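Colleague: Chains A and B, in that order, give the protein sequences.
Positions 7 to 272 (this note's numbering) are the ones given, in order, by the first sequence.
Positions 840 to 1045 (this note's numbering) are the ones given, in order, by the second sequence.
Just so you know, these hints were derived from the structure itself, not from any lab.
Computed from a predicted structure; not experimentally measured.
Don't take each hint at face value.
To be verified - Selected chain A positions facing chain B (in silico; Cβ < 7 Å):
| id | residue |
| --- | --- |
| 1 | Met166 |
| 2 | Glu169 |
| 3 | Arg260 |
| 4 | Gln261 |
Stated by the list, open to error - Not the full set, but computed from the structure, chain B residues with beta-carbon under 7 Å of chain A:
| id | residue |
| --- | --- |
| 5 | Pro908 |
| 6 | Trp925 |
| 7 | Arg967 |
| 8 | Ser978 |
| 9 | Val982 |
Unchecked claim - Away from chain B, derived, C-beta distances all over 10 Å, residues of chain A:
| id | residue |
| --- | --- |
| 10 | Trp71 |
| 11 | Val124 |
| 12 | Thr177 |
| 13 | Pro196 |
| 14 | Ala200 |
| 15 | Gln216 |
Glycine is no exception: its CB is placed at the ideal position from the N, C-alpha and C atoms.
Chain by chain, the residues run as shown.
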Amino acid sequence: MNVVSLSLFDLSLAAALVLVMASLSYFMQLKMTQTILVAALRTVVQLLLIGLILKWLFAQEDFFWIGIMWLVMLLVAGREIMARQTRRFKGVWGYGVGTVSVFISSFVVGIFVLTLVVDNTPWYTPQYAIPLMGMIIGNTMTAAALSLESLTKTAWQQRMIIEARLALGQTWRQSISDIARQSIRIGLFPIINAMAAAGLVTLPGMMSGQILGGTPPAEAVKYQILIMFMITAASGFATLIAVWLGARHLFDERQRLSIQHLHAER
Amino acid sequence: MTVQTQLKLANFSCHNLKPINLQLESGETISISGESGAGKSLLLRAIADLIPHQGQCFFKTQEMNTFAPQQWRRQVAYLASESQWWFDSIGEHFDLPLSEQTASYLKTIGFSLETLNWDVMRCSTGERQRLGIIRALASSPHVLLLDEPTANLDTGNSLQVEKLFWQYQQQTQCSIIWVAHNQEQIQRVAQRKFEIRHAELIEVQV
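Isolated chain A, as found in the complex:
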């Protein structure tokens, strides 16, 4: 099957749409014009750049460079998780909790899938290793960010309740169990929604992409199912780890609520 190659002219037509949107926002005084234009420009630059990098990377097939690429993805994801928090942990924990949970969950699941399910030679064939890991990290990032935000925000709001429960002789686990459970659920909402609505409400992005790229729909569907399951497992692990680490860090060695480990609200 042939892929319709997009010319520069095709892309500028799409860009014109964004310009129309931007000028509309200018006349309507939405104060978004600059934001829209900058974001659009960033998309172009970042994607062109990654296109070049991927082209080079695919030619190398060198595990070292793939590892570097994964590492960059992970570190950026960790930073994004931290930036999403209204009350993040102070010090190294602010960055650490999210990054560690994404690292463990996405690398375990990602490498499992690459070695046992996709099973290429070599298993890190970049054409698979980069996009698969990218999708896992991106989605676990969202899950970890949502659950951490819920955990720290609710713990702050309910600090009197947590202390009252401790005062009644509950352990730190018991005193924060309801908040922790709720935070894990919130972290898993996006992927559960995506699974439930897949194919009915939305055609998932990756599958759409593959179909546009000429892959037979049946094949694209199989890959999409694989991706969904991967993301579900990784998001699940990530929220569990993030919530457990975060909740533990809200208490000290005498199981006292250490709410001062959280930054003031931004």
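Fit chain B to the given chain A structure using the hints.
Modeller: Here is chain B on its own, set in the frame of chain A:
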């Protein structure tokens, strides 16, 4: 019953408070008063090991740190001035079924077993406060740290609550530290009276 030291503070301090040395006998009640912001609540919370502190605190002869935290807090129970509820119904906050003892406390201050089915949101502040007291007594603590336990109650209910604590003390020989402002109440409940002045805990005669 023989009188013995139940709670002992040795050079115990938290925040700005000067180190405190204090012994409480079993069956004894002391009161602590002082301006708001003087550190009364902080002191009680520190004794319950809910916030960091310096110095030592003993239950009978055993130091706080030799207990698991939750074990310590079951014996040395802190009751905040405002009761907290996190489930929908009152009963979910108790270990059910209630012991006979706890059920009788409920009746002492004008509730019944039916109260356990009540919706927390529909209870008044005063009702919640009184139910919170029963909830704390249900785990049979040996030391009670009461932070203005009758602040949200009218006179009739205050007296009922005082009577409940008195009954509990008669049965268990527990020691009580009672933070209060009302001088009449202090006269009624406390054998020794203390005040926090200029960050120092001092015994007063009034």
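Colleague: Tell me the hint numbers this structure goes against, listed in increasing order.
Modeller: Numbers 7, 9, 12, in rising order.
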